[in-house]
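Undergrad: Sequence:
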Amino acid sequence: MKKTLIIFALYAGALYQSQTNRFTYELRYRNDSSQEYITNLMNLDVSPRSVKFYDKSFADYDVKNKENNQSISHYSTRTDQVIERKPESFKNNWYRDFFDYFVVKTNDEMKWQVIPETKEYNGYKLQKATTEFGGRSWIAWFSNEINIKEGPYKFRGLPGLIFMLEDLDQNFVYKLINNEKLSSDYDTQDFVETHYGKQAIPITNEKFNKYIEDIYQNPTRMFSEGIKNGQKSTFKNETIESIEALNSKKEMLQKGIKGRYIYIEKDKQPVF
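16 is the number of the first residue of the sequence shown in our numbering; add one for each residue after it.
A portion of the hints provided could be inaccurate.
[As the list claims (entries may be wrong)] Simulated crosslink set (DSS-like; lysine-lysine; CA at most 30 angstroms straight-line):
1) K265 / K243
2) K270 / K281
3) K265 / K213
4) K164 / K134
5) K71 / K134
6) K281 / K143
7) K81 / K243
8) K164 / K126
9) K281 / K213
10) K196 / K222
11) K225 / K106
12) K265 / K283
In case anyone wonders, no lab produced these hints; they're calculated from the structure.
Build out the structure end to end from the sequences listed, making use of the hints.
TA: Given below as structure tokens:
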């Protein structure tokens, strides 16, 4: 990684002219210390026109679909961290996937405290910084050798690229593990701006939470009309053909809704 990132530093002036610089982070996350970590790989694409952060699996599936010239494989995020913004901006489009597809516009300006403490990582000198965001306290390690003031998810604004990031309880831990330079802007239209044909519906975070909370209270409602019309639903390989059988799955559905996401911004999460 060192050799490639040196190229970024040397050609910082050309960074925002044509290509996309893709940084891949390992994300480990959990609800609390009583749980095992879930691990995802996340892409941060930095181009002259936009900054995007999303699950790497989206791009992996996209490559397969393009190779087959058809959309045969879909992927739905489990991280709830699909983000798009303009370069040098704290204003984000936060894409939310929950049955329908939504976009929440947020303004996420952060106040960082840069600390003299430093450490080495893969030949780079990293410096420490802290901030408060989303109801959590955060520690970041950035390098001003890389003139890109971006980082994972909504985190940005330090005088260099964020290599590592974690909250104080270490429930969300990011580490930069790879980078590559793409020859042009990578087209994410199928899985960021839309979700495989589903247009993103503008919504506020408050209304999005109300939408989830309403589904949680009555999770069988969206399937009941189809059952009444003679359709069938399948839950964990069990075929449901009656309203009575459907209602017996309420608790299972509620558990799935409650556990769908581990919310990074815990001050903005639904109340179940």
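Undergrad: Taking the numbered hints from earlier one at a time, note which ones the structure violates and give those numbers from smallest to largest.
TA: 7, 10
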